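Colleague: What follows is the residue order along each chain.
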Amino acid sequence: MKNLFSIKDKIIIVTGASGGNGSVISDGLEELGAKVFRADFPKCDVRNPIQLDMLVANAIQHGGRIDGLVNCAGVSYVNDLFEYTDEDWDNTYLTNLKAPYELSRKVAKHMKKNGGSIINMTSLNSELGFPNNPAYVSMKGGLKQLTKSLAVDLGKYNIRVNNLGPGYIKTNMTKGSWKNRRKEIEDRTIFGRWGEPEDLVGTVIFLLSSASDYITGQDIYVDGGYLVKGMK
Amino acid sequence: MRVIITGGATGIGKSCVESLSSIGMNINIIYFSSHGEAIKLKSDNVNIHKVDVTDENQVKYFFDTIGSFDILINNAGGNISFNSTDKYLLEDWNKTYELNTTSVFLMCKYGIPVIKDGGKIINISSISAKSGGAEGGMAYASSKAAVDCMTKSLAKELASRNICVNAVSPGVVYTKQHEKFSSEEYYNSLIEKIPLGRDGKTSDISNLVTFLCSDESNYITGQVIEINGGMLMK
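Taken in order, these protein sequences are the chains called A and B. The letter at position 175 of the first sequence is residue 175 when you use our numbering, and the numbering goes up by one with no holes. The letter at position 37 of the second sequence is residue 37 when you use our numbering, and the numbering goes up by one with no holes.
Derived by calculation from the structure, the hints in this document are not laboratory data. Hints should not be assumed to be uniformly reliable.
Unchecked claim - 35 angstroms max Cα-Cα, derived DSBU-like pairs, lysine-lysine:
hint: 1; chain 1: A; residue 1: Lys-148; chain 2: B; residue 2: Lys-176
hint: 2; chain 1: A; residue 1: Lys-229; chain 2: B; residue 2: Lys-60
hint: 3; chain 1: B; residue 1: Lys-234; chain 2: A; residue 2: Lys-170
hint: 4; chain 1: B; residue 1: Lys-156; chain 2: A; residue 2: Lys-229
hint: 5; chain 1: B; residue 1: Lys-109; chain 2: A; residue 2: Lys-183
hint: 6; chain 1: B; residue 1: Lys-95; chain 2: B; residue 2: Lys-156
hint: 7; chain 1: B; residue 1: Lys-156; chain 2: A; residue 2: Lys-170
hint: 8; chain 1: B; residue 1: Lys-156; chain 2: A; residue 2: Lys-183
hint: 9; chain 1: A; residue 1: Lys-8; chain 2: B; residue 2: Lys-193
hint: 10; chain 1: B; residue 1: Lys-201; chain 2: A; residue 2: Lys-8
hint: 11; chain 1: A; residue 1: Lys-109; chain 2: B; residue 2: Lys-201
hint: 12; chain 1: A; residue 1: Lys-156; chain 2: B; residue 2: Lys-234
hint: 13; chain 1: B; residue 1: Lys-234; chain 2: A; residue 2: Lys-144
hint: 14; chain 1: A; residue 1: Lys-8; chain 2: B; residue 2: Lys-116
hint: 15; chain 1: A; residue 1: Lys-35; chain 2: B; residue 2: Lys-234
hint: 16; chain 1: A; residue 1: Lys-148; chain 2: B; residue 2: Lys-60
hint: 17; chain 1: B; residue 1: Lys-40; chain 2: B; residue 2: Lys-87
hint: 18; chain 1: B; residue 1: Lys-60; chain 2: B; residue 2: Lys-180
Every value quoted in this text rests on a predicted model; they were computed, and no experiment measured them.
Input sequences plus hints: build the corresponding full structure.
Modeller: This is the structure we're talking about:
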């Protein structure tokens, strides 16, 4: 692809960088010459605002600015609704919704001068209900709307904020579904296959590059057609 | 890669032609009224064809002679007139649907048998498909909403051949349509509603089209991707 899609020398923060999607995305960005600052648990706990400050300070100190942020960190606790614990609810809130909110605000302060691009990793759960995970479904729904709020507030600084919603991607987080519902999910996609983390990389690059300069506040689903398919 | 693009001589289509030919793709432009503009784009890897995309015989003949190809971009479209519904002419309604909706159907009807497996179809929709459009523009807006839906139907139908079908839905972009229908005052009032504070450039749209033409988007299908500076967030 031509220079339009270049992310060479861009300074990018990726959270959840040790996870299945986050690590492949970080590697993919580095391969194309971006400087990636990886926030990985437990070294950087995104629930802790002080550690977020340190993450941002580190990127500014070594990169001089921040061009992109990929909020990829997320947790998911599956449990029966009536057994669902406050702790799991709170942890999901802090990691999946509060952290992107806090970190986006902290990063955006540094992006005001030159603009930038923020990507929030939403989910099929931002659109649909799934069983036994009230916190995850709620926070991913909230994250979808957080993006729109940020897009409106940050547009005047040329900071773009968009959602990337992966479908079922083969990672550690989806291993339960892979084990129990592999075929059902496969059949529900239009392409008849699960996604790989590699399927997400192109869209992340596109949203970080100047090729997407006029896209903000949008949801892009990389789901092999899961949402669209609906009934067979 | 061999590309067919309708309405490729001007505006967003022209920008797509420039972007895709610059990365080595072979382009076939379909135009109807813009001969002067089309001829200027002709080059070693850009061919031009005059086809009325609302005429079944012409579309059929085009595909009978063109051979196999990789990418179809259904970009031709436009608004015929604005008017309140009680005054809207049935003739204009039908023309709008022929231009924006039937054309996509015909290009697919005759293009699908010859597009290669693993190819891409990209339909250019409009923000009005979701917003309802400008006052008096019901025909245009609803004809584009049909395109959004056709995109999803086609994505299902063609997935077994690994063909991705997506729509690109631009917001405000200054093209011939606005030149014809929008006063300066109205156009400026639209821009005031855009969080990024500017209208879209045709290159903004062609960048997204170029991404959807690439292998980097192979797991994206059946999507309508909005590109509007934040003017509308679904």
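Colleague: Indicate, hint by hint, whether the structure satisfies it.
Modeller: Okay, the hints, checked on the actual structure:
{"no.": "1", "hint": "A:Lys-148 x B:Lys-176", "in the structure": "30 angstroms, holds"}
{"no.": "2", "hint": "A:Lys-229 x B:Lys-60", "in the structure": "30 angstroms, holds"}
{"no.": "3", "hint": "B:Lys-234 x A:Lys-170", "in the structure": "28 angstroms, holds"}
{"no.": "4", "hint": "B:Lys-156 x A:Lys-229", "in the structure": "7 angstroms, holds"}
{"no.": "5", "hint": "B:Lys-109 x A:Lys-183", "in the structure": "32 angstroms, holds"}
{"no.": "6", "hint": "B:Lys-95 x B:Lys-156", "in the structure": "28 angstroms, holds"}
{"no.": "7", "hint": "B:Lys-156 x A:Lys-170", "in the structure": "22 angstroms, holds"}
{"no.": "8", "hint": "B:Lys-156 x A:Lys-183", "in the structure": "18 angstroms, holds"}
{"no.": "9", "hint": "A:Lys-8 x B:Lys-193", "in the structure": "33 angstroms, holds"}
{"no.": "10", "hint": "B:Lys-201 x A:Lys-8", "in the structure": "24 angstroms, holds"}
{"no.": "11", "hint": "A:Lys-109 x B:Lys-201", "in the structure": "27 angstroms, holds"}
{"no.": "12", "hint": "A:Lys-156 x B:Lys-234", "in the structure": "20 angstroms, holds"}
{"no.": "13", "hint": "B:Lys-234 x A:Lys-144", "in the structure": "10 angstroms, holds"}
{"no.": "14", "hint": "A:Lys-8 x B:Lys-116", "in the structure": "33 angstroms, holds"}
{"no.": "15", "hint": "A:Lys-35 x B:Lys-234", "in the structure": "32 angstroms, holds"}
{"no.": "16", "hint": "A:Lys-148 x B:Lys-60", "in the structure": "44 angstroms, violated"}
{"no.": "17", "hint": "B:Lys-40 x B:Lys-87", "in the structure": "40 angstroms, violated"}
{"no.": "18", "hint": "B:Lys-60 x B:Lys-180", "in the structure": "31 angstroms, holds"}
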